[in-house]
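Asks: Chains as they are written, first to last, in this note's numbering: chain A, 11 to 261; chain B, -10 to 112.
Derived from the structure by calculation, the hints contain no laboratory data. Don't be surprised by glycine CBs; every beta carbon is placed ideally from N, CA and C. Hints should not be assumed to be uniformly reliable.
Unchecked claim - Only pairs whose alpha carbons sit at most 30 Å apart, straight line, appear in this in silico DSS-like list of lysine-lysine:
| no. | chain 1 | residue 1 | chain 2 | residue 2 |
| --- | --- | --- | --- | --- |
| 1 | B | Lys11 | A | Lys60 |
| 2 | B | Lys59 | A | Lys93 |
| 3 | A | Lys94 | A | Lys153 |
| 4 | B | Lys11 | A | Lys93 |
Said to hold, decoys possible - Some chain B residues flagged as far from chain A (calculated, every beta-carbon gap over 10 Å):
| no. | residue |
| --- | --- |
| 5 | Ala1 |
| 6 | Val9 |
| 7 | Gly47 |
| 8 | Val71 |
| 9 | Gly72 |
| 10 | Phe87 |
As the list claims (entries may be wrong) - Have a look at the derived ranges for each label pair, beta carbon to beta carbon:
| no. | chain 1 | residue 1 | chain 2 | residue 2 | range |
| --- | --- | --- | --- | --- | --- |
| 11 | A | Pro97 | B | Ser84 | 28 to 34 Å |
| 12 | A | Asn118 | B | Thr60 | 47 to 53 Å |
| 13 | B | Thr77 | A | Ile227 | 37 to 43 Å |
| 14 | B | Arg8 | A | Ala52 | 32 to 38 Å |
| 15 | A | Pro206 | B | Gly53 | 46 to 52 Å |
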Amino acid sequence: MANDPMKQFQIEKLLAMDISGYDVSFTNASVYLLLGAAIPAAFMLFASAKAAVVPGRLQLVGESAYNFVHDMLYTSTGAEGVKKFFPLVLSLFLFIFTINMVGLFAYNFTPTGQIIVPAMMALLVFFTVVIVGFAKNGLGFFKIFFPSGVPWPLYILITPIEIISFFSRPLSHAVRLWANIFAGHLLVKVFAGFIPQLGDMGAVGWGVAVIPFALTIAIYALETLVAFLQAYVFAILTCIYLNDALHAGDH
Amino acid sequence: MADPKHPHGFDALEDLAARVAKSEKDRSERLAKVAIDRSSMSVGLRMASEFASAILVGGLFGYGVDFLAKTSPWALLIGLVVGFGAGTVNLMRVSRQFATSTSVDGKAIATPDDSEDNTGDDR
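Isolated chain A, as found in the complex (with noise of 0.2 Å):
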């Protein structure tokens, strides 16, 4: 049994695929990442399925899930925000805690644990941040860089500021939600491998080899609730940066 706490990452080829010199192979991140959509997509479908006024259990789950989205997505943005982004929030949340759910089971890929995947989602937030500022506020969304009852000539100091501050937005939303799946997996594979090796030495090795095994477990009890949350604070992040694009010059 291999002891490298990498190999949980590494990614293989399933089915080598070839577009005109561009690698396109689906892989096994591929399978996670599909999981990821499609798991939500069939809950919410059977959820829904009975459309009951007094939901079964399936139901209730699901009405939960959607209120809690809706909850979180009202309270910063508004009614406004729901009409528009609902669909976006909710597909990145569930898409999210799918796939950090279905990566906490042994032998399971974890797609968000590679810095591309989240990458890509801040990336479409983002832009889409961008085009809808643009769209609602026209040149008004450059309100944004110019908060207002600053006296102006601090404006030469606070504009760029501003400006680095929200290109670095992309980049820490997606380096959050990997960093934290990146370094959770890692950390209970470390602890998780210091086990058979304290075995090796024989049985005071398996006596002390407890204490791996107690924080291995403290450790998976403790990535469950990061799985959770970070699908939730990428979520209301994302939340945030919509609000910015929908009420430039209110900050």
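Starting from the known structure of chain A, fit chain B onto it as the hints suggest.
Replies: For chain B alone, kept in the frame of chain A given last:
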């Protein structure tokens, strides 16, 4: 008045309404608690990524300007300094977010100052 069932039914309804209101209040309180990024590791990673990404973007901006205007290394240095400023601003915003969402006692009454902060900063 003649119907002895009516007041009973009405009371039951009011009772139900009170219970629904209570559970909804509990739910929103619980949601507010979840809103706080509890795990210390994610707090740390959050702060670090906010700070580091601003410096990185500032540096990249400067490097890009240098590359186009052949002013190496001045724009890179300025970009790093401004990026550092932007990172600090980011950190202040995040920590203010934490300060407003992490009250020591969840049931404590918010001071007027706190509620102002909540509405004042939309980040």
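Asks: With reference to the structure, classify each hint as holding or not holding.
Replies: Outcome of the hint check:
1. B:Lys11 - A:Lys60: Given that 30 Å is the threshold and the Cα spacing comes to 29 Å, the pair holds.
2. B:Lys59 - A:Lys93: 48 Å, violated
3. A:Lys94 - A:Lys153: 22 Å, holds
4. B:Lys11 - A:Lys93: Between Lys11 of chain B and Lys93 of chain A the Cα gap is close to 29 Å, so the pair holds against 30 Å.
5. Ala1: 18 Å, holds
6. Val9: Non-interface label on Val9 of chain B holds, nearest chain A Cβ at 14 Å vs cutoff 10 Å.
7. Gly47: Non-interface label on Gly47 of chain B violated, nearest chain A Cβ at 5 Å vs cutoff 10 Å.
8. Val71: 5 Å, violated
9. Gly72: 5 Å, violated
10. Phe87: It holds; Phe87 of chain B is separated from chain A by about 12 Å at its closest Cβ, greater than 10 Å.
11. A:Pro97 - B:Ser84: 28 to 34 Å: 33 Å, holds
12. A:Asn118 - B:Thr60: 47 to 53 Å: 50 Å, holds
13. B:Thr77 - A:Ile227: 37 to 43 Å: Since the Cβ atoms of Thr77 of chain B and Ile227 of chain A sit about 39 Å apart, the hinted range of 37 to 43 Å holds.
14. B:Arg8 - A:Ala52: 32 to 38 Å: The hint (32 to 38 Å, Cβ to Cβ) holds, given that Arg8 of chain B and Ala52 of chain A are roughly 34 Å apart.
15. A:Pro206 - B:Gly53: 46 to 52 Å: 49 Å, holds
When the structure is compared with the earlier hints, violations turn up for hints 2, 7, 8, 9 and for no others.
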